[in-house]
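**Q** In case you want the letters, here they are:
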Amino acid sequence: DTAVSQTPKYLVTQMGNDKSIKCEQNLGHDTMYWYKQDSKKFLKIMFSYNNKELIINETVPNRFSPKSPDKAHLNLHINSLELGDSAVYFCASSQAGSATYEQYFGPGTRLTVT
Amino acid sequence: AQSVTQLGSHVSVSEGALVLLRCNYSSSVPPYLFWYVQYPNQGLQLLLKYTTGATLVKGINGFEAEFKKSETSFHLTKPSAHMSDAAEYFCAVSEPGGSYIPTFGRGTSLIVHP
Chain F
1 DTAVSQTPKY LVTQMGNDKS IKCEQNLGHD TMYWYKQDSK KFLKIMFSYN NKELIINETV
61 PNRFSPKSPD KAHLNLHINS LELGDSAVYF CASSQAGSAT YEQYFGPGTR LTVT
Chain Y
115 AQSVTQLGSH VSVSEGALVL LRCNYSSSVP PYLFWYVQYP NQGLQLLLKY TTGATLVKGI
175 NGFEAEFKKS ETSFHLTKPS AHMSDAAEYF CAVSEPGGSY IPTFGRGTSL IVHP
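Protein chains in written order, with this note's numbering: chain F, 1 to 114; chain Y, 115 to 228.
Heads up, a few of these hints could be off.
Chain Y regions said to be covered by chain F (calculated; three or more residues, Cβ under 8 Å) [as the list claims (entries may be wrong)]:
no., stretch
1, 180-190
2, 195-209
3, 214-221
These aren't lab readings, by the way, just hints derived from the structure by calculation.
Glycine included, each C-beta is placed from N, C-alpha and C at the ideal position.
Hey, can you work out the whole structure from these sequences and the hints?
**A** Next comes the structure, spelled out in structure tokens:
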């Protein structure tokens with residue numbers, strides 16, 4: 001059973017388009033995240049979201065928006081895609097009230113903007 | 115505020131040699147510490163974690179790490195490297211009672227030569 005899943009795995013699109021990446025977790029966790037990993041493997045947190053609060057990294061452009069239809073899903077919507085958005089995007093989840101805060105990651109979505 | 119420094123963006127070892135990946139942290143409270151591994155084209159997975167108690171923690175695939183408060187370090191070791199250990203390794207820190215969002219280091223790429 002896949003704990004955290006993402007679709008699609010690969011996404012190739014042109015500048016200016018709008019796209020979404022879906023994420024689902026079946027771990028019963030209450031908190032989900034989106035990370036961006038650049039070509040140098042640096043992980044940057046974009047959003048953290050649970051049913052109480054959305055924490056946004058202030059450096060993330062407002063073209064990026066998380067959408068959560070329910071506790072098990074956190075989708076990432078990106079408007080007006082730019083070349084610099086090309087990266088691997090990871091969804092993760094954790095139980096915010098747990099003792100250890102460890103995170104469970106999805107397999108990633110490689111976004112290429114041409 | 116918490117921070118993590120991983121010394122060396124690349125570490126190269128021969129198969130069978132000792133693996134040592136360095137991690138130093140900064141935290142205002144006794145931290146929770148993590149090592150994650152990312153195999154090529156995959157998401158991150160937890161290798162091991164330190165929360166409280168014994169300072170030497172054992173993880174999967176023969177890895178272990180020791181929490182040294184006096185040195186603010188949490189270095190990752192493995193006595194004998196295998197080719198399959200080639201991956202990106204991330205150290206992370208979070209603060210109990212504080213933000214549940216961990217801070218990740220920039221990662222260390224482990225290269226294993228035959």
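**Q** Decide, hint by hint, whether the structure agrees.
**A** Results for each hint:
Under the rule that three or more residues need a Cβ within less than 8 Å of chain F, the assignment of the stretch 180-190 of chain Y is violated, with 0 such residues. Residue count for the stretch 195-209 of chain Y with a Cβ under 8 Å from a Cβ of chain F: 3. That meets the three needed, and the coverage hint holds. Counting residues of the stretch 214-221 of chain Y whose CB falls under 8 Å from any CB of chain F gives 6; the rule of at least 3 is met.
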